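**Q** Residues per chain, in single letters:
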Amino acid sequence: MPALNPEIRRKIESYLPRYPSKQAVTLPALHIVHDEMRCVSNAAIEEIAEMLDLAPAEVQDTMSFYEFFHTEEAPMGKTRLWVCRSLACALRGGDELLSHLCRKLNVQPGDTTADGKITLEFAECLGACEGAPAVMIDDEHEHNVTPEAAEKIVERLRTPLAG
Amino acid sequence: MAEFEPVLLRRVGKVDSAALSTYRADGGYRALTKALNEMSPAQVVELVKDSGLRGRGGAGFPCGVKWTFLPKDHPGPIYLCVNADESEPCTFNNRILMEDDPHQVLEGILLACYATRASTAYLYLRYEYGRAYRVLQSAIDELYAANLLGKNILGKDFHLDVYLHRGAAAYICGEETGLIESLEGKRGWPRIKPPFPAVEGAFRKPTVVNNIETLACVTHIIDRGSAWFKSIGVPPDPKNPRDAGSYGPKLYCISGHVNKPCCVELPLGVTVRELVEKYGGGVWKGRKAKGCIPGGISMGIMTESEFDTPLDFNGPGRVGCLGLGTAAVTIFDDQTSIVDVLYNICRFFAHESCGQCTPCREGTGWMFKIMERFRRGQGRIEDLQILEEVGKSIGIMPGTTICGLADGAGWPVKNAVAKFRLELEEFIKKGVQSESALPLAMAN
Numbered sequence: 001m002p003a004l005n006p007e008i009r010r011k012i013e014s015y016l017p018r019y020p021s022k023q024a025v026t027l028p029a030l031h032i033v034h035d036e037m038r039c040v041s042n043a044a045i046e047e048i049a050e051m052l053d054l055a056p057a058e059v060q061d062t063m064s065f066y067e068f069f070h071t072e073e074a075p076m077g078k079t080r081l082w083v084c085r086s087l088a089c090a091l092r093g094g095d096e097l098l099s100h101l102c103r104k105l106n107v108q109p110g111d112t113t114a115d116g117k118i119t120l121e122f123a124e125c126l127g128a129c130e131g132a133p134a135v136m137i138d139d140e141h142e143h144n145v146t147p148e149a150a151e152k153i154v155e156r157l158r159t160p161l162a163g
Numbered sequence: 001m002a003e004f005e006p007v008l009l010r011r012v013g014k015v016d017s018a019a020l021s022t023y024r025a026d027g028g029y030r031a032l033t034k035a036l037n038e039m040s041p042a043q044v045v046e047l048v049k050d051s052g053l054r055g056r057g058g059a060g061f062p063c064g065v066k067w068t069f070l071p072k073d074h075p076g077p078i079y080l081c082v083n084a085d086e087s088e089p090c091t092f093n094n095r096i097l098m099e100d101d102p103h104q105v106l107e108g109i110l111l112a113c114y115a116t117r118a119s120t121a122y123l124y125l126r127y128e129y130g131r132a133y134r135v136l137q138s139a140i141d142e143l144y145a146a147n148l149l150g151k152n153i154l155g156k157d158f159h160l161d162v163y164l165h166r167g168a169a170a171y172i173c174g175e176e177t178g179l180i181e182s183l184e185g186k187r188g189w190p191r192i193k194p195p196f197p198a199v200e201g202a203f204r205k206p207t208v209v210n211n212i213e214t215l216a217c218v219t220h221i222i223d224r225g226s227a228w229f230k231s232i233g234v235p236p237d238p239k240n241p242r243d244a245g246s247y248g249p250k251l252y253c254i255s256g257h258v259n260k261p262c263c264v265e266l267p268l269g270v271t272v273r274e275l276v277e278k279y280g281g282g283v284w285k286g287r288k289a290k291g292c293i294p295g296g297i298s299m300g301i302m303t304e305s306e307f308d309t310p311l312d313f314n315g316p317g318r319v320g321c322l323g324l325g326t327a328a329v330t331i332f333d334d335q336t337s338i339v340d341v342l343y344n345i346c347r348f349f350a351h352e353s354c355g356q357c358t359p360c361r362e363g364t365g366w367m368f369k370i371m372e373r374f375r376r377g378q379g380r381i382e383d384l385q386i387l388e389e390v391g392k393s394i395g396i397m398p399g400t401t402i403c404g405l406a407d408g409a410g411w412p413v414k415n416a417v418a419k420f421r422l423e424l425e426e427f428i429k430k431g432v433q434s435e436s437a438l439p440l441a442m443a444n
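These protein sequence lines are chains A and B, in that order. Quick note, in the working numbering, the first sequence goes up one by one and the last residue is 163. Quick note, in the working numbering, the second sequence goes up one by one and the last residue is 444.
Here chain A stands alone, though its shape is the one from the complex (with noise of 0.2 Å):
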């Protein structure tokens, strides 16, 4: 059975007319496997890789460039929640929000967490400087994060009703 299911081809497909080159479709299809599948695995690398035209070693290259890629060894759990650690952040807290998570999820940052449900990560500035200190959940920022209300969204992430 191939590891990409029919909509995630067309999906990658819809991406070709966009490009001069087939590679260059090689980051949005990396996205949109990693967002269904919450890694990407060696097989789909060369079903991608198939379908652009490349040979699996070129889209490895590319994807193992970018520490924003889950391998199959070690998929994202169902959301990822990054914790950023740059200046802005740091000043008001950031790392110690960052423990704080690491303490309270009962991981290191960069695992997911024992029920599959968050993946903790820093992340360097995520330009949301003016909420200090930031997280980011999959893709959407939240401000001025006190530990308080990182323990919030935890919860929230929790329940099965979230997402």
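Rather than coming from a laboratory, the hints here were simulated on the basis of the structure. Everything numeric in this text was worked out from a predicted model, so none of it was measured. Yeah, the Cβ is synthetic: ideal placement off N, Cα and C, and Gly gets one too. One or more hints might be untrue.
[As the list claims (entries may be wrong)] Pairs of lysine-lysine, DSSO-like flavour, derived with a Cα cap of 30 Å:
| no. | chain 1 | residue 1 | chain 2 | residue 2 |
| --- | --- | --- | --- | --- |
| 1 | B | 49 | B | 285 |
| 2 | B | 278 | B | 288 |
| 3 | B | 369 | B | 414 |
| 4 | B | 186 | A | 11 |
| 5 | B | 278 | B | 230 |
| 6 | B | 151 | A | 11 |
| 7 | B | 419 | B | 392 |
| 8 | B | 392 | B | 429 |
| 9 | B | 49 | B | 72 |
| 10 | B | 288 | A | 152 |
| 11 | B | 419 | B | 285 |
| 12 | B | 151 | A | 152 |
| 13 | B | 49 | B | 239 |
| 14 | B | 288 | B | 260 |
| 15 | A | 22 | B | 72 |
| 16 | B | 72 | B | 193 |
| 17 | A | 22 | B | 151 |
| 18 | B | 288 | B | 419 |
| 19 | B | 72 | B | 156 |
| 20 | B | 151 | B | 49 |
| 21 | B | 285 | A | 104 |
| 22 | A | 22 | B | 186 |
| 23 | A | 104 | B | 369 |
| 24 | B | 278 | B | 419 |
| 25 | B | 414 | B | 193 |
| 26 | A | 22 | B | 193 |
| 27 | B | 186 | A | 78 |
| 28 | A | 11 | A | 78 |
| 29 | B | 14 | B | 230 |
| 30 | B | 239 | B | 392 |
| 31 | B | 419 | A | 11 |
| 32 | B | 49 | B | 34 |
| 33 | A | 22 | B | 205 |
| 34 | A | 104 | A | 152 |
[Claimed, not checked] Restraint ranges, calculated between C-beta atoms of paired labels, are given here:
| no. | chain 1 | residue 1 | chain 2 | residue 2 | range |
| --- | --- | --- | --- | --- | --- |
| 35 | A | 111 | B | 74 | 47 to 57 Å |
| 36 | A | 116 | B | 24 | 25 to 35 Å |
| 37 | B | 6 | A | 55 | 44 to 54 Å |
| 38 | B | 34 | A | 72 | 48 to 58 Å |
| 39 | B | 37 | A | 75 | 51 to 61 Å |
| 40 | B | 431 | A | 104 | 27 to 37 Å |
Start from chain A and add chain B according to the hints.
**A** Just chain B now, kept in the frame of chain A:
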């Protein structure tokens, strides 16, 4: 000085400010209509050149001049890459423009493409701006529906497609050739220049790379003229024949230890002190400032005694900083350790060096390791000299790397050693031990 009336932010915060209907009701796409009906592409280039508009992304290169570097009579295609990878720490002005007034940006893109005869614009957007992505996509959809994108825009022989291209959280993709490589589906490794993108850029075709705020300025220059633009900001220094001036409005980000972190629009040339006191609500907790980073962390560090420096394209350089950068000011108060600030900055660059050039990959790594050693209480006085030497020898200015990332990594280190030497020496002598394995507390 009379209160400055915002131009770029004038619609931010209004109801439905992202919608085409409200943008049009506020005079939107008037500049585009004017350009397409009354001006040739060359006249648009000339007007932007005459305005003195300099790029807002960090380097400050004159925008109109950049456009003239494209080869004449090229058969095409020519591409516009819009740099919305805004990843310089402490910078968020472009995010506000895209989220709250996307049509102002898109009108600038249309005008730039008309001027440069570009047929496709790729807006390279950092992944972290998810909201901006969705807002821009619906704005683009509105434009196609209104025949303001696609074929024969406004009935003219002008065709344009705009595509959003999402990044994947890599700082280096904001470097213009790193951006192009990433767009092409490769590692975001900056290219050796020349050839410059104007000659051989995206997909080996002539390419212009412009920043979001720069393009938003283009909209207003076409609408209101270059004389209007030049009535704002700072004229060139008559004693410096190479100075192109600092004209126009600028978005300043204020963050860190201030009471009201915000983004404010002012004429170029406002001082750090004015930003902090008048717009940032003063330093928090009734404290005094110790210093700031004046334009994103790459531009170096200013001490509190340098806060009267005007933030135009020349000011920061006069106090040893690299330049205006993104004009994002982050204040740290007098209870902040300069060691913590440097540690944070060095960690960023060590993490974000793309690894292509050895001096940057190793240099940023070693500067971070030295800062870690400081924090463990194992710093040595001679480390300060090593920091300074590494800071001076990595980068495109000393000629040891392909792009400017390492210059930005070295600058705050050089500035800190020069401007906060006593504090650093005292810290080293005390041999303070860090309490936790995780980063030290910086907020008090």
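**Q** Would you mind marking each hint as holding or not holding in the structure?
**A** The hints, checked one at a time:
Between residue 49/B and residue 285/B, the direct Cα distance comes to roughly 45 Å. Violation of the 30 Å bound is thereby established for this hinted pair. A hinted pair counts as satisfied when its Cα atoms are at most 30 Å apart, and residue 278/B with residue 288/B qualifies at roughly 15 Å. Straight-line distance between C-alpha atoms of residue 369/B and residue 414/B comes to about 16 Å, which keeps the hinted pair within the 30 Å bound. The suggested pairing of residue 186/B with residue 11/A holds, with an alpha-carbon distance near 20 Å, which does not exceed 30 Å.
About 24 Å separates the Cα atoms of residue 278/B and residue 230/B, which keeps this hinted pair within 30 Å; it holds. Using a Cα cut-off of 30 Å, the hinted pair residue 151/B and residue 11/A holds, with the two alpha carbons roughly 24 Å apart. Of the supplied pair hints, the one linking residue 419/B and residue 392/B holds, its CA atoms being roughly 15 Å apart against a limit of 30 Å. Restraint check: the Cα-Cα separation between residue 392/B and residue 429/B comes to about 25 Å, which is no more than 30 Å; the hinted pair holds.
Straight-line distance between C-alpha atoms of residue 49/B and residue 72/B comes to about 17 Å, which keeps the hinted pair within the 30 Å bound. Between the alpha carbons of residue 288/B and residue 152/A the distance comes to roughly 34 Å, so the proposed pair goes past 30 Å and is violated. Taken as a hint, the residue 419/B and residue 285/B pair is honoured in the structure, with Cα atoms around 25 Å apart against an allowance of 30 Å. A C-alpha spacing of about 49 Å is found between residue 151/B and residue 152/A, which places the hinted pair above 30 Å, so the restraint is violated.
In summary, the hint linking residue 49/B to residue 239/B is supported, as the alpha carbons are separated by about 22 Å, within the 30 Å threshold. Between residue 288/B and residue 260/B, the direct Cα distance comes to roughly 15 Å. Compliance with the 30 Å bound is thereby established for this hinted pair. Distance restraint check for residue 22/A and residue 72/B: the Cα-Cα separation of roughly 28 Å lies within the 30 Å cut-off, and the hinted pair is therefore satisfied. Simply put, residue 72/B and residue 193/B have alpha-carbon atoms about 20 Å apart, close enough for the 30 Å limit, and the pair holds.
Proximity of residue 22/A to residue 151/B is assessed by CA-CA distance (about 23 Å); at most 30 Å being required, the pair is judged to hold. Using a Cα cut-off of 30 Å, the hinted pair residue 288/B and residue 419/B holds, with the two alpha carbons roughly 17 Å apart. Proposed proximity of residue 72/B and residue 156/B is supported: the alpha carbons are some 21 Å apart, at most 30 Å. Of the pairs offered as hints, the one joining residue 151/B and residue 49/B holds, with about 28 Å between alpha carbons and a cut-off of 30 Å not exceeded.
Straight-line distance between C-alpha atoms of residue 285/B and residue 104/A comes to about 29 Å, which keeps the hinted pair within the 30 Å bound. Between residue 22/A and residue 186/B the CA atoms are separated by roughly 12 Å; this keeps the pair inside 30 Å, and the hint holds. For the given pair, residue 104/A sits about 29 Å from residue 369/B by alpha-carbon distance, which is consistent with the 30 Å threshold. Of the pairs offered as hints, the one joining residue 278/B and residue 419/B holds, with about 26 Å between alpha carbons and a cut-off of 30 Å not exceeded.
For a cut-off of 30 Å, the pair hint linking residue 414/B to residue 193/B stands: about 26 Å separates their Cα positions. Using a Cα cut-off of 30 Å, the hinted pair residue 22/A and residue 193/B holds, with the two alpha carbons roughly 25 Å apart. Among the hinted pairs, residue 186/B with residue 78/A is consistent with the structure: their alpha-carbon atoms are about 28 Å apart, no more than 30 Å. For a cut-off of 30 Å, the pair hint linking residue 11/A to residue 78/A stands: about 21 Å separates their Cα positions.
Between the alpha carbons of residue 14/B and residue 230/B the distance comes to roughly 27 Å, so the proposed pair stays at or under 30 Å and holds. Our distance criterion of 30 Å between C-alpha atoms is met by residue 239/B and residue 392/B, whose separation comes to about 28 Å. Between the alpha carbons of residue 419/B and residue 11/A the distance comes to roughly 54 Å, so the proposed pair goes past 30 Å and is violated. The straight-line distance between the Cα atoms of residue 49/B and residue 34/B is roughly 18 Å, inside the 30 Å bound, and the hint therefore holds.
With a CA separation close to 16 Å, the supplied pair residue 22/A and residue 205/B stays within the 30 Å bound. Between residue 104/A and residue 152/A the CA atoms are separated by roughly 12 Å; this keeps the pair inside 30 Å, and the hint holds. The hint said 47 to 57 Å for the Cβ distance between residue 111/A and residue 74/B, and at roughly 51 Å that hint holds. Between residue 116/A and residue 24/B the C-beta distance comes to about 47 Å, which lies outside the given range of 25 to 35 Å.
Separation of residue 6/B from residue 55/A is about 51 Å and conforms to the stated range, judged on CB atoms against 44 to 54 Å. A hinted range of 48 to 58 Å for the beta carbons of residue 34/B and residue 72/A is consistent with their spacing of about 54 Å. The supplied range of 51 to 61 Å is met by residue 37/B and residue 75/A, whose beta-carbon atoms lie about 54 Å from each other. Range check, residue 431/B to residue 104/A: Cβ separation about 33 Å, and the 27 to 37 Å hint holds.
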